[in-house]
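According to our numbering, the sequence shown is numbered sequentially starting from 1.
Everything labelled a hint here was simulated from the structure, so no lab data went into it. Here the structure is a predicted model, which is why all the values come from computation and not from measurement. Honestly, I wouldn't trust all of these hints.
Derived EDC-like pairs (lysine to aspartate or glutamate); straight-line CA-CA distance at most 20 angstroms [said to hold, decoys possible]: (1) K52 <-> E21; (2) K12 <-> E43; (3) K48 <-> E26; (4) K12 <-> E26; (5) K52 <-> E26; (6) K12 <-> E57; (7) K9 <-> E57; (8) K27 <-> E43; (9) K17 <-> E57; (10) K17 <-> E43; (11) K9 <-> E21; (12) K9 <-> E26; (13) K19 <-> E43; (14) K9 <-> E43; (15) K27 <-> E57.
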Amino acid sequence: MRAKSHSGKFIKVMCPKCKNEQIIFEKATTVIPCLVCGNILAEPAGGKIRLKTRVLEAL
1 MRAKSHSGKF
11 IKVMCPKCKN
21 EQIIFEKATT
31 VIPCLVCGNI
41 LAEPAGGKIR
51 LKTRVLEAL
């Protein structure tokens, strides 16, 4: 049996509140807070995430 590979990507985002840059998974299943200030950066939305911040680059 073969293991499934993920089809999502990692993206680098910037927190609008404290300007912290953070790398997150684009198909996360939980709320993603900023690691510095706790501001919500993204929420799950049935497959992909709903971003509440700006994407700096796709990795």
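Next on the checklist: Need the status of pair K17, E43: alpha-carbon distance at most 20 angstroms?
Outcome noted: Since the Cα atoms of K17 and E43 sit roughly 17 angstroms apart, the hinted pair holds (cutoff 20 angstroms).
Checklist entry - Hey, K12 versus E57, does the alpha-carbon distance stay inside 20 angstroms? => result holds (5 angstroms)
Checklist entry - Is the straight-line distance between the alpha-carbon of K19 and that of E43 20 angstroms or less? => result Cα-Cα ~19 angstroms, so holds.
Item to check | Given pair status - E26, K9, alpha carbons within 20 angstroms | outcome: holds (6 angstroms)
Item to check | 20 angstroms Cα cutoff - pair K9, E43 | outcome: With Cα atoms ~16 angstroms apart, K9 and E43 stay inside 20 angstroms; holds.
Item to check | Given pair status - E26, K48, alpha carbons within 20 angstroms | outcome: Holds: K48 and E26 sit about 6 angstroms apart, inside 20 angstroms.
Item to check | Given hint E57 paired with K17 - CA-CA distance at most 20 angstroms | outcome: holds (19 angstroms)
Next on the checklist: Against the 20 angstroms threshold, does the CA-CA distance of K52 and E21 hold or violate the hint?
Outcome noted: Satisfied, since the Cα-Cα distance of roughly 14 angstroms is no more than 20 angstroms.
Checklist entry - Is the straight-line distance between the alpha-carbon of K9 and that of E21 20 angstroms or less? => result Roughly 16 angstroms separates the two Cα atoms, so the pair holds.
Checklist entry - Taking only the CA atoms, is the gap from K9 to E57 under or equal to 20 angstroms? => result holds (11 angstroms)
Item to check | Restraint check for K12 with E26, where alpha carbons must lie at most 20 angstroms apart | outcome: With a Cα-Cα distance of about 10 angstroms, the restraint between K12 and E26 holds, given a limit of 20 angstroms.
Checklist entry - Under the criterion that the straight-line Cα-Cα distance not exceed 20 angstroms, is the pair K27, E43 satisfied? => result It holds: about 10 angstroms lies between the C-alpha atoms, which stays within 20 angstroms.
Checked against the numbered hints given earlier, the structure satisfies every one of them.
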